[in-house]
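Position chain B relative to chain A; hints supplied.
Chains as they are written, first to last, in the numbering used here: chain A, 3 to 164; chain B, 3 to 164.
These are calculated hints, taken from the structure and not from any lab test. Take the hints with a grain of salt, since some may be wrong.
Identical copies carry no separate label here, and so any pair may be met within one copy or between two of them.
Unchecked claim - With a cut-off of at most 30 Å between alpha-carbon atoms, the simulated DSSO-like pairs for lysine-lysine come out as follows:
1. K142 - K79
2. K53 - K96
3. K84 - K96
4. K108 - K79
5. K142 - K108
Number of protein chains: 2
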Amino acid sequence: MHGSPRRLVRLAVLLLFVLASLTAVAKSGSSNPAVAIHSADDQWAAAALAKDVDKSVSFCGPDAAILVPNAPAAEGKEAIRKWFQEIFNIPGFKLSWRATETAAAKSGELGYSRGTYELSFTDASGKQVSDHGKYVTVWKKQADGSWKVLRDIFNSDLSPAH
Amino acid sequence: MHGSPRRLVRLAVLLLFVLASLTAVAKSGSSNPAVAIHSADDQWAAAALAKDVDKSVSFCGPDAAILVPNAPAAEGKEAIRKWFQEIFNIPGFKLSWRATETAAAKSGELGYSRGTYELSFTDASGKQVSDHGKYVTVWKKQADGSWKVLRDIFNSDLSPAH
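Next comes chain A alone, as it looks inside the complex (with noise of 0.2 Å):
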């Protein structure tokens, strides 16, 4: 009975099942939107951390806007990767950021996370200049099952006279 011809149809078509899951989970990050977003947010921030030009641009999707402080908006992918190049060009940049929230919508192809970031550079003058505030980033589904910037917005914690 057990090696039944049956018996191993079943297998074979629960195994393919099982397979096509682990796949769909794979590409997504999570089959769970928001634990996605939250891997997604993480490794955008582990390519920013490490100034990896291609990599940071690689998480924005194609029609993506950096909303970036005391400048206008980087819209699309071209003035992304020339604000990302700008950016990690500074004397002793460093950015971190981390995800203290994510959440999706039900259909499970839009959501945001929220979270703190941490910058800091070197001056003209060689001073070491500090900064930390908060962001919004607005995520959305691609076809391929990945999880893409649509919007990311910041500002600064501190007083301008700071």
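The following block gives chain B in isolation, referenced to the frame of chain A:
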């Protein structure tokens, strides 16, 4: 034939359906979530332009946060109320904004608006100060069908030296 009971019942059912639909649309502002968010954003901006603290706070959900630049975030309705009171009390204060884009998830309970703001006030020395910038607001549909602010964040387009 025109006044047959069967036709009248059908007409009554149709009218009830239309009324129910109109009531649902009236509650949410629109049956299209992106349009409803745009409408809520416009009404929120009108309340802020009128410096109406109660009305400005009423557009914020129970767990809303406004991520104010150059200050820690205003977490929850009481902190948001205090913040609106403070800024509306600044001499010559005027804040206006306009959504340039709204979108919602397919499930229709989560979405965002993006737009630009203009701000002016009179500083301690009597000088007129002007600022303009951009914002992203995450909106959540409430149980009663209304859209409320969940997260709001904005920053200036101007350099700090301005």
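Going through the hints against the structure:
Taking the shortest alpha-carbon separations for K142 and K79, both the intra-copy value of 15 Å and the inter-copy value of 28 Å come in at or below 30 Å. Taking identical chains as interchangeable, the C-alpha atoms of K53 and K96 lie at most 30 Å apart only when both belong to the same chain, with a minimum of 8 Å there against 40 Å between chains. Proximity of K84 and K96 under a CA criterion of 30 Å is satisfied intra-copy only: 17 Å inside one chain copy versus 34 Å between copies. For a Cα distance limit of 30 Å, the shortest separation of K108 from K79 qualifies both inside one copy, at 28 Å, and across copies, at 25 Å.
Taking the shortest Cα distances, K142 and K108 sit within 30 Å of each other both inside one copy (13 Å) and across copies (12 Å).
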